[in-house]
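Number of protein chains: 2
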Amino acid sequence: MSLRREELCWYGWGRRDEAVAFPPERAELLLGELARRLGTALEPAPVRCALEELKLPASRVDDTLLDRLREACGREAVHQDVATRAWHAVGRGLPDLLRLRLGELERAPDAVVFPGSEQAVAALLRVADEADCAVVPFGGGTSVIGGVEPLHAERQRAVIALDTTRLDAVVKIDGEGGLATFQAGIDGPALEAALAAHGLTLGHFPQSFEYSTLGGWIATRSSGQQSNGYGSIEDLVVALRMVTPKGVVRTLEVPRAASGPDLNELVLGSEGSLGVIVEATLRVSRAPVCSDDRGMLFPSFRQGVAAAREMVQSGVGLGMLRLADGAETELGLMQRRDPARGFDPAELLFSWLEGRGYGQGRSLFLYGAEGEHARDVKTRVGRARRVGRRHGGFALGRSPGRHWRRERFATPYLRDWLLDRGVAVDTFESAFSWSRIEEAHATVLAALEAAGREHAGGAIAMAHLSHSYLDGACLYFTLLYPLARPLASERVVSQWRAIKRDVTDAIVKAGGTVSHHHGVGVDHREWLPEEKGALGMDLLRAAKSTLDPSGVMNPGKLL
Amino acid sequence: MSLRREELCWYGWGRRDEAVAFPPERAELLLGELARRLGTALEPAPVRCALEELKLPASRVDDTLLDRLREACGREAVHQDVATRAWHAVGRGLPDLLRLRLGELERAPDAVVFPGSEQAVAALLRVADEADCAVVPFGGGTSVIGGVEPLHAERQRAVIALDTTRLDAVVKIDGEGGLATFQAGIDGPALEAALAAHGLTLGHFPQSFEYSTLGGWIATRSSGQQSNGYGSIEDLVVALRMVTPKGVVRTLEVPRAASGPDLNELVLGSEGSLGVIVEATLRVSRAPVCSDDRGMLFPSFRQGVAAAREMVQSGVGLGMLRLADGAETELGLMQRRDPARGFDPAELLFSWLEGRGYGQGRSLFLYGAEGEHARDVKTRVGRARRVGRRHGGFALGRSPGRHWRRERFATPYLRDWLLDRGVAVDTFESAFSWSRIEEAHATVLAALEAAGREHAGGAIAMAHLSHSYLDGACLYFTLLYPLARPLASERVVSQWRAIKRDVTDAIVKAGGTVSHHHGVGVDHREWLPEEKGALGMDLLRAAKSTLDPSGVMNPGKLL
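Protein sequences, first through last, are from chains S and P. For the record, in the first sequence the residue sitting at position 81 is 80 according to the numbering used here, with numbers rising by one throughout. For the record, in the second sequence the residue sitting at position 198 is 197 according to the numbering used here, with numbers rising by one throughout.
Chain S extracted, bound-state conformation:
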């Protein structure tokens, strides 16, 4: 098991030793500015108790069932202690962190099982089916949309979390053939390390990369930060195996087929509601030899969007591009401001640029390419820069690119730092056609601000564009708002839900999908029928009835 939970922060993001630690003066400046903009004094929201002290509902798994689970998966595979149950009770969405922090988990899986083989998974599903239990597949547990919530149907008597992280074997790596097969519980760093030993990469780097698993990426239709270059997870999966209550769904290892509908695509995005993904064969690329990431400043988000579109449509060949809007750009600048530092050349440059048309609304653009040939990478980056300049961009050189690469998995730590100080951070993401992007940006941002005002008395809203395509891009919104007081799980979760509802309504109304890469889970479920249509939902339910007729698999998510 490569993910060691004892090294991780149980109530927040990632590793315990990687929490954000601003120097006091910098923190004070930042908090003062946030309080001013949120229009309220900030009150701390500390973690209330230790992991072991959490009060969980009593387990409904009795000794008979416990014995059967042990028989199916091995004695050491079945856990019922508070820490393990709490770890598997939530994902890493804002309401999850709030409930952990406040020590108020109203639900937890009744048992957590770590099967070590495909056969053990199948045996576990049989036991669960016979014993009327729900099974919640659980990989890295980084879902931010309630994808691992321990729900069950009314007639079911218990919830079993099926932790996949013991299924982490490297099955086969065929570098010449561009293929690699892994068990699905392997996490990002272990997968990339195994490939790196062969000079290969999958090139899939979602923000959760360090803690999420291959199976989770497939189940949620994940997309990585370099998806412009490598594609999203659906472009990388060649074949897979999924254990369902009715048997194993497996697809053929061929690069492409016209043999009817592609069944990989029914598994991609199935969110554990059809079965447990246990193995996948991926198309892998040669590891890049060189990379070049850079920054550019646009006078406005609109100009940056036009440049990004042009870069994608003219086939410049970037691996990553990412455009922060005015608000996100300013927050980024605010964050790096450090009174202890006498002289900051970046700050000087930005204030010089302010007088030259790069003031209010200026938008920071990051772009990068990587590959086998340094000259090629240089050509692509140079071409992007020329396109950017034509759209009014001011080239900022490599320093913002270096900063992005260093920090690209670190942003979620800031959320915990802010939560400690009573500021909630939630994110909302969607994808839109190019022709809708600007209006969607404006209307969803307005909805974020209105929701923040209404449900929290004030908020800071911002967005960036990432993951772009010939025909559109992902917009990723962030909202900061003060937690409702006095602090109680019910109150702050209701506050979150009210905001979530208003914002998702606005996203759907603007023509966006309920999710570009987070998934549906519990949180986006009520908007799904509008997106898929009635017959579309019937199709998904038909797939569910075929593979999981008694509804064992991850109830209450997706469908």
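Honestly, the hints are just simulated from the structure, not real lab data. Some hints here could point you the wrong way.
You can't tell identical chains apart in this list, so a pair holds if it fits in one copy or across any two.
[Claimed, not checked] Using 30 Å as the maximum straight-line C-alpha spacing, the simulated DSS-like pairs for lysine-lysine come out as follows:
#1 171 x 508
#2 543 x 245
#3 245 x 508
#4 171 x 245
Nothing here was measured: the structure is a model prediction, and the numbers come from that model.
With chain S's structure known, arrange chain P on it following the hints.
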């Protein structure tokens, strides 16, 4: 209706005025060589009668039903004449051409309806459902796997061909947004012409491009000759509308989503068995400004495969690459041999190369790139050439590339010319992982030769590689064999079927898919359960039961 059937050849491929017309001396030389290699004298297999003289089974659509069809779709939309029924009785596979040529069509649709709107399609499906009729969606009718065969279930009383070619509107073109929406009955040239007026291209050029429709491409999971650059049809579809007996399935116009399984992918490859695709929104590219297509000769197929793989995996950026094996290369040379031509520099070059390691087994490789920047295209082609040379390739310059671009839609005409002379031509295609390609090439080729010997007394077998991916490629096999005598539909179709069975068995045994881009239809149906697995088939049947519970849609295909 942009496809004018009166200009087309009813018993063969394409336009009447584009048939192959070799000068007599060249024809004699080619036929002599073929007869020698097939080990038999060639006897002609002429077309037996005129289109109007074809004997078709009497139509089972009575006047009451006829009235209802007219009511649903308009009086002028319903046809029952021999010519129209015969046109819609078959596709363009070898058994189709044999039955047409011999004037022995044992089946034909009982009526052909040309609905002019989505509403008319829906009304037609309602009438068919109520009247217990099967409906066979029919676009260009170029299926080579029995995809438009007018079959019906036992309890059904008639078959209605639903011709989509009146649904050929350009709905919307948004060049800046990289999106274009068409009705699905539009054919390739009309679609590309509409895009070209905006400086755009879809970049989807299957060999049937001139005669096939957008709906057909989607229904069969088509792949074009430049799929290396633009992707296959599944990469190009953003959203679509499909009319089913239970209503309309429609997907959202967003560039990408993580909102559960992608339902476009259930429609892609559905082969008319779930419903009628009536509209699709596509991501389109800027039309290339320049292109460069070239040839290279490898000493062996093995070396060519290694070069092709290297080009794809090192990200050279070709739009097209295509490698003929030794047999296909020699047949190509044989075809161009012209006794009337005193001096052929290409022939001289090839015989010079023979003494320099490019003899027996030499393999012709075609490769090309296109784009917005001439320098970029040049760089990509140059890089490919360097990779090729490292693998023993001899650069042949632009002339083979020009020939490919000129002739790329013309190969099927040769099939009719050969059929006229009693030589059957069939093609078989699959896709394999790189690690299986060479063995698959050898074993399937051996199976082709054995099947030709056993069922036809002799054969010429060859193959080429095309449509390549990081993890594998398509192998496309061609078999020439003498038709069984005396000529009778039953005999030559049985002969074809026996060969098809042996070859498909070999393809599946070698680890290939039943089809890379032709589809399943009737012809590959019996091998599908092995590819999809029992649960996979259950999933497809569940989709069918959901959308078409009474089995109106294209019975006997795919499922």
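Checked hints:
For the homomeric pair residue 171 and residue 508, the shortest alpha-carbon distance between copies (21 Å) is at most 30 Å, but the shortest distance inside one copy (45 Å) is not. Taking CA atoms no more than 30 Å apart as the test, residue 543 paired with residue 245 passes in both settings, with 11 Å inside one copy and 19 Å between copies. Taking the closest pair of Cα atoms, residue 245 and residue 508 come within 30 Å of each other only across two copies (26 Å); inside a single copy the shortest separation is 39 Å, beyond that limit. Proximity of residue 171 and residue 245 under a CA criterion of 30 Å is satisfied intra-copy only: 27 Å inside one chain copy versus 44 Å between copies.
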